[in-house]
Amino acid sequence: MGQLSRFWRESEHRYRLLGSKCGNCGTVYFPPREVCPTCHRDSIGKMKDIELSGDGVIESFTVVHEAPPRFSRQRPYILALIKTEEGPMLTGQIVDADPDEVEIGKKVHAVFRRMGEDGESGVIVYGYKFVLD
Amino acid sequence: MELSNDVYIIGAGETKFGELWDKSLRDLAVEAGLEAIKDANIYSKDLQMLYASNSLAGTINEQSNIAALAADFSGIAENHVPAVRVEASTASGGAAVREAYLAIKSGEYDVVMVGGVEKMTDIYGTEIIDVQSSILDREWESFNGATPAAMAAIAARRYMHDFNVEREAISMVAVNDHANASLNPDAQYRNKITVDQVLNSDPVAEPLNVFDCSPITDGASAIILASEGFVKKNRIDGVRILSSAMAEDYLALHSRKSIYTLESTKIATEEALKKAGIKREDVSFLELNDSYSIYGLLELEDMGFAEKGKAKDLVYDDIKLNGRLPVNPSGGLKAKGNPLGATGVSQFFEAYLQLKGKAGQRQVKDARYALLHNMAGTGATSVVHVVGE
Numbered sequence: 001m002g003q004l005s006r007f008w009r010e011s012e013h014r015y016r017l018l019g020s021k022c023g024n025c026g027t028v029y030f031p032p033r034e035v036c037p038t039c040h041r042d043s044i045g046k047m048k049d050i051e052l053s054g055d056g057v058i059e060s061f062t063v064v065h066e067a068p069p070r071f072s073r074q075r076p077y078i079l080a081l082i083k084t085e086e087g088p089m090l091t092g093q094i095v096d097a098d099p100d101e102v103e104i105g106k107k108v109h110a111v112f113r114r115m116g117e118d119g120e121s122g123v124i125v126y127g128y129k130f131v132l133d
Numbered sequence: 001m002e003l004s005n006d007v008y009i010i011g012a013g014e015t016k017f018g019e020l021w022d023k024s025l026r027d028l029a030v031e032a033g034l035e036a037i038k039d040a041n042i043y044s045k046d047l048q049m050l051y052a053s054n055s056l057a058g059t060i061n062e063q064s065n066i067a068a069l070a071a072d073f074s075g076i077a078e079n080h081v082p083a084v085r086v087e088a089s090t091a092s093g094g095a096a097v098r099e100a101y102l103a104i105k106s107g108e109y110d111v112v113m114v115g116g117v118e119k120m121t122d123i124y125g126t127e128i129i130d131v132q133s134s135i136l137d138r139e140w141e142s143f144n145g146a147t148p149a150a151m152a153a154i155a156a157r158r159y160m161h162d163f164n165v166e167r168e169a170i171s172m173v174a175v176n177d178h179a180n181a182s183l184n185p186d187a188q189y190r191n192k193i194t195v196d197q198v199l200n201s202d203p204v205a206e207p208l209n210v211f212d213c214s215p216i217t218d219g220a221s222a223i224i225l226a227s228e229g230f231v232k233k234n235r236i237d238g239v240r241i242l243s244s245a246m247a248e249d250y251l252a253l254h255s256r257k258s259i260y261t262l263e264s265t266k267i268a269t270e271e272a273l274k275k276a277g278i279k280r281e282d283v284s285f286l287e288l289n290d291s292y293s294i295y296g297l298l299e300l301e302d303m304g305f306a307e308k309g310k311a312k313d314l315v316y317d318d319i320k321l322n323g324r325l326p327v328n329p330s331g332g333l334k335a336k337g338n339p340l341g342a343t344g345v346s347q348f349f350e351a352y353l354q355l356k357g358k359a360g361q362r363q364v365k366d367a368r369y370a371l372l373h374n375m376a377g378t379g380a381t382s383v384v385h386v387v388g389e
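If you read the protein sequences in the order shown, they are chains A and B. Under our numbering, the residue at position 114 of the first sequence is numbered 114, and the numbers go up by one with no gaps. Under our numbering, the residue at position 151 of the second sequence is numbered 151, and the numbers go up by one with no gaps.
No lab work stands behind these hints, which were simulated from the structure alone. Be aware that one or more of the hints could be misleading.
Below, in silico cross-link-like pairs of lysine to any residue (SDA-like), each with a Cα-Cα straight-line distance of 20 Å or less [unchecked claim]:
1. Lys308/B to Glu59/A
2. Lys107/A to Asp122/B
3. Lys257/B to Gly87/A
4. Lys308/B to Gln363/B
5. Lys320/B to Gln363/B
6. Lys106/A to Asp313/B
7. Lys45/B to Asn79/B
8. Lys257/B to Met89/A
9. Lys365/B to Ser106/B
10. Lys358/B to Gly309/B
11. Lys279/B to Ile267/B
12. Lys23/B to Asp122/B
13. Lys83/A to Ile236/B
14. Lys257/B to His40/A
15. Lys365/B to Lys308/B
16. Lys257/B to Val28/A
17. Lys106/A to Lys356/B
18. Lys233/B to Asp46/B
19. Lys356/B to Leu325/B
20. Lys106/A to Glu108/B
21. Lys233/B to Val84/B
22. Lys38/B to Asn5/B
23. Lys257/B to Ile104/A
24. Lys83/A to His161/B
25. Lys106/A to Asn79/B
26. Lys83/A to Pro68/A
27. Lys48/A to Arg33/A
28. Lys106/A to Lys358/B
29. Lys106/A to Asp162/B
30. Lys257/B to Asp133/A
31. Lys83/A to His40/A
32. Lys257/B to Val131/A
33. Lys358/B to Ile267/B
34. Lys312/B to Lys233/B
None of these values were measured; they are calculated from a predicted model.
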């Protein structure tokens, strides 16, 4: 199933970790939002783009053994929740690390990586993963 | 048509749960539906509305318009009974019963069927993991390799870390489910298991193993709901739905305030108990949405039966069938099985049997009130009902 339009739409958020900041209360969100869940209508039209630094801390993680077909060649892979320096938490893989080295509270930073491709001869999709500092 | 104050379950039916290779989506839906109609001692022409609960048939079976399919093959197309599918991911069953409950409460209908069905073995191999992962935030969770098991595991690791909870306590939820399922002829797995077996089973997403995870299940459940007026007029001894509550939370786990607090479950439970006018100590048993063993503990805590981090004190003895607070007399999602759209409806099937004293070997002693908890994803949606006398 081709999904090119979806990947294209999100590329700048995935390439540059582009989130949004509420112009009313200052809270930063990633992935980006059109409306602030705290300020509601007061935030409409005031949500500004903000680029995250890519620095963060491991909130929790797992080593995935049973995976969908698209990830079968990566098994086992480390998936984590990363609390970013700017506040929002996001879901991403930790790569170039042995599972034994990964711990809650360790610092990580984002790297630009290949995420997969749109079918066997389709467009390659890129995005963020994380490595240990 | 008068405004109905109370809503009753007057009949229930279900198929066996399991890998039912020789049965199709429509076979299962019809089997459960007809059993419920027979049990309620009504005719299919008596039905005024059908709510069909299903989560993933559009993808797994490439069949949408499930409500029309179920109505047609139940033989009621000729009667032109309205039918609609209710989809709230893995909480579809609870949400469908809630819609039926509200429809009767409003006075619009007197007799309504809720049928839940899922046929999950129509695709094979790891494809099903990808389809199941669509219940998460596809673009910001599953895209990065998240699966439902992985997100449950992430919650489990942080929970164990923060509250010093041992891995064994988490296993006990699965052990309890299997013990109860051994007494349920409809259950997918009727073998008892030990803590060691859970700890030594293959890893799925560390620290969770395959025995921590609900299986891939085919199955269907159906119940017939009726208004107070219909029940009185026909002198039916039904089981009353005392209250219904539902709440949402952020879809993605990473957006929540806490990764091991099910805020939607907290809110829905509080509201359901308040509306029913009962206290936690009045609850005879719980049916919990323990799709992954860790959720059994989190749910006990967020439903207010233990403080955060303390459910480990309940899972060794209290939750047993003859314990202080029996959990999942049916066998739960782990052992009875988890046919997504049918799961929430099957909790009502169990409650109906238990409260009528017809649950056989797994009968909870003096069962008066059941608290039923159906949840979607990692806690994005929770539906809680109180069923009782």
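Pair hint outcome, Lys257/B versus Ile104/A [Cα-Cα no greater than 20 Å]: The hint holds at about 17 Å.
Taking only the CA atoms, is the gap from Lys257/B to Val131/A under or equal to 20 Å? Answer violated: Lys257/B to Val131/A is near 25 Å, above 20 Å.
Is the straight-line distance between the alpha-carbon of Lys233/B and that of Val84/B 20 Å or less? violated, 28 Å
Starting from Lys279/B, check that the Cα of Ile267/B is at most 20 Å away, please. Holds: Lys279/B and Ile267/B sit about 15 Å apart, inside 20 Å.
CA of Lys38/B to CA of Asn5/B, is that 20 Å or under? Outside the cut-off at roughly 25 Å; violated.
Are the Cα positions of Lys83/A and His40/A separated by 20 Å at most? violated, 24 Å
Given the hint that Lys257/B pairs with Val28/A, does the C-alpha gap stay at or below 20 Å? holds, 14 Å
Given the hint that Lys83/A pairs with Ile236/B, does the C-alpha gap stay at or below 20 Å? Outside the cut-off at roughly 56 Å; violated.
Given the hinted pair Lys45/B and Asn79/B, is their Cα-Cα distance within 20 Å? Distance ~7 Å between Lys45/B and Asn79/B Cα, so the pair holds.
Taken at face value, is the distance from the CA of Ile267/B to the CA of Lys358/B at most 20 Å? With a Cα-Cα distance of about 31 Å, the restraint between Lys358/B and Ile267/B is violated, given a limit of 20 Å.
Run the distance test for Lys83/A versus Pro68/A: straight-line Cα separation, threshold 20 Å. violated, 25 Å
What's the verdict on Lys107/A and Asp122/B, does the C-alpha distance respect the 20 Å limit or exceed it? Measuring from Cα to Cα gives roughly 43 Å; hence the hint is violated.
Hints 2, 4, 6, 9, 10, 13, 15, 17, 20, 21, 22, 25, 26, 28, 30, 31, 32, 33, 34 from the earlier list are contradicted by this structure; the remaining hints agree with it.
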